[in-house]
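Enquirer: So the chains spell out like this:
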Amino acid sequence: MSTTPRPIASDADTLAVDAPFVIELLRGFIADGVRKVGFERVIVGLSGGVDSALVTALAVSSLGTGNVVAVFMPYRSSDPQSQVDALAVCDSVGINAKIIDITPQVDAYFERFPDADRTRRGNKMARERMSILYDHSMAERALVLGTSNKTELLLGYGTLFGDMASALNPIGDLYKTQVYSLARAVGLPERVLTKAPSADLWAGQSDEDELGMRYAVVDQVLHLLVDERRTRAEVIALGFDPTDVDSIVTRVRGSQYKRRPPVIAKLSNRTIDREFRYPRDWGR
Amino acid sequence: MVLERSRTGVIAGVDGAADAAVDAPAPKAEPAPDPAGSVTVALAQFYPRLGDVATNLAAHLTTVAGAAAAGAGLVVFPELSITGYFLKDQVPEVALTVDSPEVGALRAASREGGIDIVAGLILESDQHRFYNASLYLSAGEITHVHRKVYLPTYGLFDEQRYVAAGDRFRAFDAPLGGRTGHTWRAGILICEDLWHPSAAALLARQGVDLVICPSASPGRGQLQGEAVGTASSYDVMTRTYAQLFTTYVLYCNRSGFEDGVGFWGGSRVVDPVGAVVAEVRGAHETLLVHRLERSAIRRARIAYPLLRDERNDVNDAETDRLRRRHARG
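Protein chains in written order, with my numbering: chain A, 1 to 284; chain B, 285 to 613.
Just so you know, these hints were derived from the structure itself, not from any lab.
We put the CB at the ideal spot given by N, CA and C, even for glycine.
No false leads were mixed into what you were given.
Below, a list of computed lysine to any residue pairs in the SDA-like style, where the Cα atoms sit at most 20 Å apart:
# : chain 1 : residue 1 : chain 2 : residue 2
1 : B       : K372      : A       : P279
2 : A       : K36       : B       : V337
3 : A       : K258      : A       : M130
4 : A       : K36       : B       : G544
5 : B       : K372      : A       : R280
Sample of chain B residues facing chain A (criterion: CB under 10 Å; computed from the structure):
#  : residue
6  : F370
7  : G540
8  : D543
9  : G544
10 : W548
All chains should be modelled from the sequences, with the hints used to inform the complete structure.
Expert: Structure (structure tokens):
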């Protein structure tokens, strides 16, 4: 793990958010995005972590308790504390969670592929959760809200067609540290704000261990590279560890495919998303 | 701030209710023009439905009637108010011609309401070019057409891919519903046009009392403070132009979301010394009603005779010199 300290004192400010303003905008974003496609309700996969907790709180604030379906989907290796935290989040915003154990369906599958490694198992779990959310989306007439933050999306630290799948993502333009700021402002339970971030695919898993960097550092580097369009050399000159910077640049570039729709072989004069360009809100 | 769409398509709220013209009983049609030359205007901070011309037109007609009832001689709608903004390939599908029934309905509304209208649309020319344009309609006629000159094609904008650029900034006499006894000169700058001070200066040189700025400005940038990055830029520009050109500035931005992009509203009236005299605090749909005082323009130009002192001869000479140098390569 890198121990790079925050090299620029003032940089804490560049990731600061005006919580009341951003919360109000995101409440409007959710209400507008849901209603303009003919829905009234949303569904969120709760993990016990801060991202899904914030999205749930924003959704309740925007649409009301009766219009938010929260689903907690543990696997047998999930940390039992995650369920406690997820339920505490629901309590704090005044809704109930559905609990759907994914162990039977995941284990049934891997009985046929017992050699599968942790990554395959983790991806499979994320995709099982996605398929459950979309099934319940239909059953509950509730739009699936995404819970991937900007840090995860840029690093590609998520499962394609798994936790990255959603109809609307209120927090995809907020870095992880900004998610924490907002989560604190909406008054989420203290434990959700203080525990180590984890994908919770197996006990003891830690985002920052896997990334080899702290979010505080990653977010500053991403902000400099992506938002301020600074060069690699400029970022390093600001005092960041070149190894960290290169690791981040490599991850962002390497995961670009995850942020794009599938590639279509160009044949006609009007290929979807190349010349055939309509807004997603076409006709809404 | 309320960002939700009015499902009825009607702008229900009225901002600026402290204004005497709003509190007063609605004047009947064809009121006597104000001998002092003042006039009430209304800015319709509106959420157009993307690509839905029929619904947006109906909302315009309702809002025009409401503004007329509030005693306004002019109602301004945002950029592309008839069509919505991020149209992409819908541009030719929603385009209107000057002789279309939809423009005809707006013309009729201006005649019947005794109120002038600035509305935004995709305007198709005889040569099938598509412009991001704002029409000024008065007494059943199209008094002026401004085709947006500066088409942003950077960041989240892609206008030059879809529309043709206008080529002029022209001032015109604005009848203002016949509600003022003084001739007001006006000019229109659409959104990005405002980011080029030469555009405002060209209008000022033609003598304008009123710069009308229909806008579709997406909120983005700093997530710090109610003034999103773009809002603070427009704050500076509208106040600066009003003060330097001693003119009223009517900035009418839209509300709502398109593809997850939120428009920040903040429509405002800036007076000829650069003071914000009426403003919508937030991005909700509303009608901002305010009375423009002719005497405020007179007082500003007495205190700051900047237009009188403008050295157009120096400007012309220097421009000519630069043009000749440019021509030589």
